[in-house]
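Trainee: Chains as they are written, first to last, in my numbering: chain A, 1 to 274; chain B, 1 to 273; chain C, 1 to 296.
Derived from the structure by calculation, the hints contain no laboratory data.
Treat the numbers as computed from the prediction; the structure is a model and nothing was measured.
Don't take each hint at face value.
Stated by the list, open to error - If the Cβ cut is set under 10 Å, some of the chain A residues that face chain B in the computed set are:
#1 37
#2 38
#3 59
#4 198
#5 199
#6 200
#7 204
#8 222
#9 223
#10 225
#11 227
#12 251
#13 271
#14 273
Glycine residues also receive a C-beta, built at the ideal position from the N, C-alpha and C atoms.
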Amino acid sequence: MPKSYVVCQAPVSELVKEFRVPLVTASNLKFRYSSSGPWTINDVSLSIDAGTSVGIVGESGSGKSTIIRLLSGLLTPQEGVVSVDGKNLSEWSKESPRELRRFGQLVFQSPRRSFDPRMRLGRALSEPIRALEKRIPDADELGLWMSRVGLTAELLDRYPHQLSGGQLQRVSLARAMSIGPQVLYADEPTSSLDVSVQAQVLNLLMELRSDLGLTLVLVSHDLAVVGRMCERIIVMSGGAVVEEGTAIDILTNPRHEYTVGLVEAAKAVSLKHA
Amino acid sequence: MLEINNLHISIAGRSLVKIDHLVVAPNERLGIVGESGSGKTLTVLSILGLLPTMMKVQGSVIFAGQELLGRSENDLAKIRGRDIAMVFQDPGRSLNPTMKIGRQAGETLRLHLDLSKSEIKERVLGLMHSVQLKDPEKLASRYPHELSGGQQQRVMIAMAIACKPKLLIADEPTTALDVTVQQEVLKLLLKLSQESDMAMVFVSHNLGVVQAVSERIAVMHDGEIVELGPTAQILDSPSAEYTKELIGANPSIPDAQELRRLSGSRFRTGKGV
Amino acid sequence: MKYSDKLTNVNELQSNDNFLTRSAKKSPQLILGIILTGLVLAITLVSFFWTPWDPIAIDVEKRLLTPSLSHWFGTDRLGRDLLSQIMVGSQNTLYVTLVSTLIGVVLGTSLGLAAAGSGPRWGGILTRISDIGIAIPSILIALVLATTLGPGRLSVIIAISFWFVPVTARVVVGPARQILSLDFVEAAMTHGRTRMYIVFRQVLPNIAPIVIVQTSMMFAAGILIEASLSFLGVGAQPPTTSWGKILMDSQPLVQEAPYYTLLPGSFVVITVLGFNLLGDGLAVLLDPQQSQKGVA
Numbered sequence: 001m002p003k004s005y006v007v008c009q010a011p012v013s014e015l016v017k018e019f020r021v022p023l024v025t026a027s028n029l030k031f032r033y034s035s036s037g038p039w040t041i042n043d044v045s046l047s048i049d050a051g052t053s054v055g056i057v058g059e060s061g062s063g064k065s066t067i068i069r070l071l072s073g074l075l076t077p078q079e080g081v082v083s084v085d086g087k088n089l090s091e092w093s094k095e096s097p098r099e100l101r102r103f104g105q106l107v108f109q110s111p112r113r114s115f116d117p118r119m120r121l122g123r124a125l126s127e128p129i130r131a132l133e134k135r136i137p138d139a140d141e142l143g144l145w146m147s148r149v150g151l152t153a154e155l156l157d158r159y160p161h162q163l164s165g166g167q168l169q170r171v172s173l174a175r176a177m178s179i180g181p182q183v184l185y186a187d188e189p190t191s192s193l194d195v196s197v198q199a200q201v202l203n204l205l206m207e208l209r210s211d212l213g214l215t216l217v218l219v220s221h222d223l224a225v226v227g228r229m230c231e232r233i234i235v236m237s238g239g240a241v242v243e244e245g246t247a248i249d250i251l252t253n254p255r256h257e258y259t260v261g262l263v264e265a266a267k268a269v270s271l272k273h274a
Numbered sequence: 001m002l003e004i005n006n007l008h009i010s011i012a013g014r015s016l017v018k019i020d021h022l023v024v025a026p027n028e029r030l031g032i033v034g035e036s037g038s039g040k041t042l043t044v045l046s047i048l049g050l051l052p053t054m055m056k057v058q059g060s061v062i063f064a065g066q067e068l069l070g071r072s073e074n075d076l077a078k079i080r081g082r083d084i085a086m087v088f089q090d091p092g093r094s095l096n097p098t099m100k101i102g103r104q105a106g107e108t109l110r111l112h113l114d115l116s117k118s119e120i121k122e123r124v125l126g127l128m129h130s131v132q133l134k135d136p137e138k139l140a141s142r143y144p145h146e147l148s149g150g151q152q153q154r155v156m157i158a159m160a161i162a163c164k165p166k167l168l169i170a171d172e173p174t175t176a177l178d179v180t181v182q183q184e185v186l187k188l189l190l191k192l193s194q195e196s197d198m199a200m201v202f203v204s205h206n207l208g209v210v211q212a213v214s215e216r217i218a219v220m221h222d223g224e225i226v227e228l229g230p231t232a233q234i235l236d237s238p239s240a241e242y243t244k245e246l247i248g249a250n251p252s253i254p255d256a257q258e259l260r261r262l263s264g265s266r267f268r269t270g271k272g273v
Numbered sequence: 001m002k003y004s005d006k007l008t009n010v011n012e013l014q015s016n017d018n019f020l021t022r023s024a025k026k027s028p029q030l031i032l033g034i035i036l037t038g039l040v041l042a043i044t045l046v047s048f049f050w051t052p053w054d055p056i057a058i059d060v061e062k063r064l065l066t067p068s069l070s071h072w073f074g075t076d077r078l079g080r081d082l083l084s085q086i087m088v089g090s091q092n093t094l095y096v097t098l099v100s101t102l103i104g105v106v107l108g109t110s111l112g113l114a115a116a117g118s119g120p121r122w123g124g125i126l127t128r129i130s131d132i133g134i135a136i137p138s139i140l141i142a143l144v145l146a147t148t149l150g151p152g153r154l155s156v157i158i159a160i161s162f163w164f165v166p167v168t169a170r171v172v173v174g175p176a177r178q179i180l181s182l183d184f185v186e187a188a189m190t191h192g193r194t195r196m197y198i199v200f201r202q203v204l205p206n207i208a209p210i211v212i213v214q215t216s217m218m219f220a221a222g223i224l225i226e227a228s229l230s231f232l233g234v235g236a237q238p239p240t241t242s243w244g245k246i247l248m249d250s251q252p253l254v255q256e257a258p259y260y261t262l263l264p265g266s267f268v269v270i271t272v273l274g275f276n277l278l279g280d281g282l283a284v285l286l287d288p289q290q291s292q293k294g295v296a
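Based on the sequences and whatever the hints tell you, model everything.
Mentor: Structure follows, in structure tokens:
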């Protein structure tokens, strides 16, 4: 597997470029964790088109992790509406929660914390299929998914603590993709991984995306990653959307003061090639 | 000023770090890059004798003409914080949560120098000022958890430079911080090092960060120094395979040209939307 | 190889011994605990089939004989063989303690899990209820029950369980909440698992070590409580006997016949010690896997 970055933002097909259809939209979302405290998400509206890859960037406290949980339905907003494929998320969640779960899956930041330490990986990998398709996948099916993400089937017998962070994150990608979701929400999927492993995992993510026509929502604090993987970037700060646009626009011609500062700082601390 | 020779760190017979020779000149900024497991942190911990007791250390670490390895705790305690100072990754965990900032910042002064209470207080305020903390008097009476990550790290740096050490070791000091704060802290460290004739060893897995602060880089992999030389030279024309891989894996922010290339390329179509 | 890999491999390096010797090295308390409790359990089991003398055989002429070759532990105030009495008494003591502990662990764990899994409102209510339960001493409950239901095994069991349940719940809640805050629980939710499933299939196995240790500790405590209650006359009623009852009988005769108090008392001590060591040893052994944090 190539160790350097070859990821591309590319939309799934030229056709999709023409007919941009909003797949996930948020309207005037407001959310807070405690009933009387600051709003973690303060009146956020955004729209994610089908087949695109969108990056949500922000610093700590910007609300980027929270927004992804609101969009995927893990959290319920106190105000505002999330619409998925035209349907109201909260209604969908009440009527057919399983269908909702099949629609969008998440990948989390820390692969180690994403796995039950007492569950073998084979079992962990089959969890979504068991719960959402109500069947038990056989060893062949699981093995197929493992090779899809560049791992061998013998790892299925192991426990999470026996694999490296990069390997675990691949398993969690396989786990998320195994039920064929339309949207993948990735919350800082490579932040806790070693640098050389990051590229591999991200390349894998892009491969899966293009193979399966996935819509990708990627949350990250790393502008370099987002710039390479996402067509559109949404910049968040303090629970609100500060700026959004194409990656080119945001990175080369940021308009909002905060974005300008962010891009400049990111450039200052990232590697400058000759 | 600092010379490491034949450093060999092992645990239960397993070799962890093996460095033949490494030198830090006075007022030089050296960056040590490597991923987790490369041994970079162990190396710098061994300088100050801070390795866990189950690890065996052999070799020689000479600082200002004196051998540091094998010295007694008492001797090392006199050096730590005064001649060699260290800043760690997570300031939130390095600060005592039950002690006010002002008091903590003066710890090293109290330990190593013979100053009166008011002198210490004055110096602390001055230090906080030199690390660009606004409202030092107000901050001094706060507790660590009331400060932001960036402020906490600045306090750590203030504590480190309090006794005007000749060498500052920084182990991933900016990794836990937001990008905008990282930039500021890096600028601060560079400024402090240059202005006060203080050498700096900067450890990180992030090449970009190391590039910004160091004149020389040592690339570590699996416990050994794989490449060593001036920053610009190593990053522009690396000779070691591993260095090339590391550079390839550290992405820069794509510029306009690259962005256009990225968005224009095509993949084969997958299952339709 | 990553540094963290190196750390775990080192531990594996040293385990050329098999499981038993490794366990013994890691926690000698465990081995001692197993030996002691095993001894006591063995004696109890044997008592179902055989005792040196008939435990109920009263022979007033033989009362208060000091330990001798024919009566290893001597005789009690009614001439019954003390060793046989103790052996048979253990049946009752252990039975009562076992039942109470089982009730305590099962109900307590369920209560704790429920409290951890429910939102702040219900969680708070359940925690307060268990706090109240912990605050009321079982002896008080037992005395109240004794006057209403009458003394005997049932009262003792209810009294002890009444206290065990909230204690277990309290011990379980913290770790359960901690596990629930981990990412893999969130992941399970995204996979469509219900909260019930997550609590019982994901949280419970992860807090199992804590529950196991708690069980053995409570068992030890239960023996003491049962002994106290019987000592107060609330527990076993003749002809059933228990260690506490024997101690109660022996109390006025402490000066005349010290062995009468010391021997059953020692049995209590050894059993409690054994179970405590067992719990201690298990705690060391069932320590969660070495965390993967390396230093580099």
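Trainee: Each hint should be assessed against the structure and marked as holding or not.
Mentor: Verification of the hints:
1. 37: violated, 17 Å
2. 38: Since chain B brings no Cβ nearer than about 15 Å to residue 38 (chain A), farther than 10 Å, the hint is violated.
3. 59: With a minimum Cβ separation of about 4 Å from chain B (threshold 10 Å), the hint on residue 59 (chain A) holds.
4. 198: holds, 7 Å
5. 199: Given a least distance of 5 Å, the restraint on residue 199 (chain A) holds.
6. 200: holds, 9 Å
7. 204: violated, 14 Å
8. 222: holds, 8 Å
9. 223: Holds, about 5 Å.
10. 225: With a minimum Cβ separation of about 7 Å from chain B (threshold 10 Å), the hint on residue 225 (chain A) holds.
11. 227: holds, 5 Å
12. 251: Holds. Min distance 6 Å.
13. 271: Status holds, d = 4 Å.
14. 273: Result: holds, 6 Å to nearest chain B Cβ.
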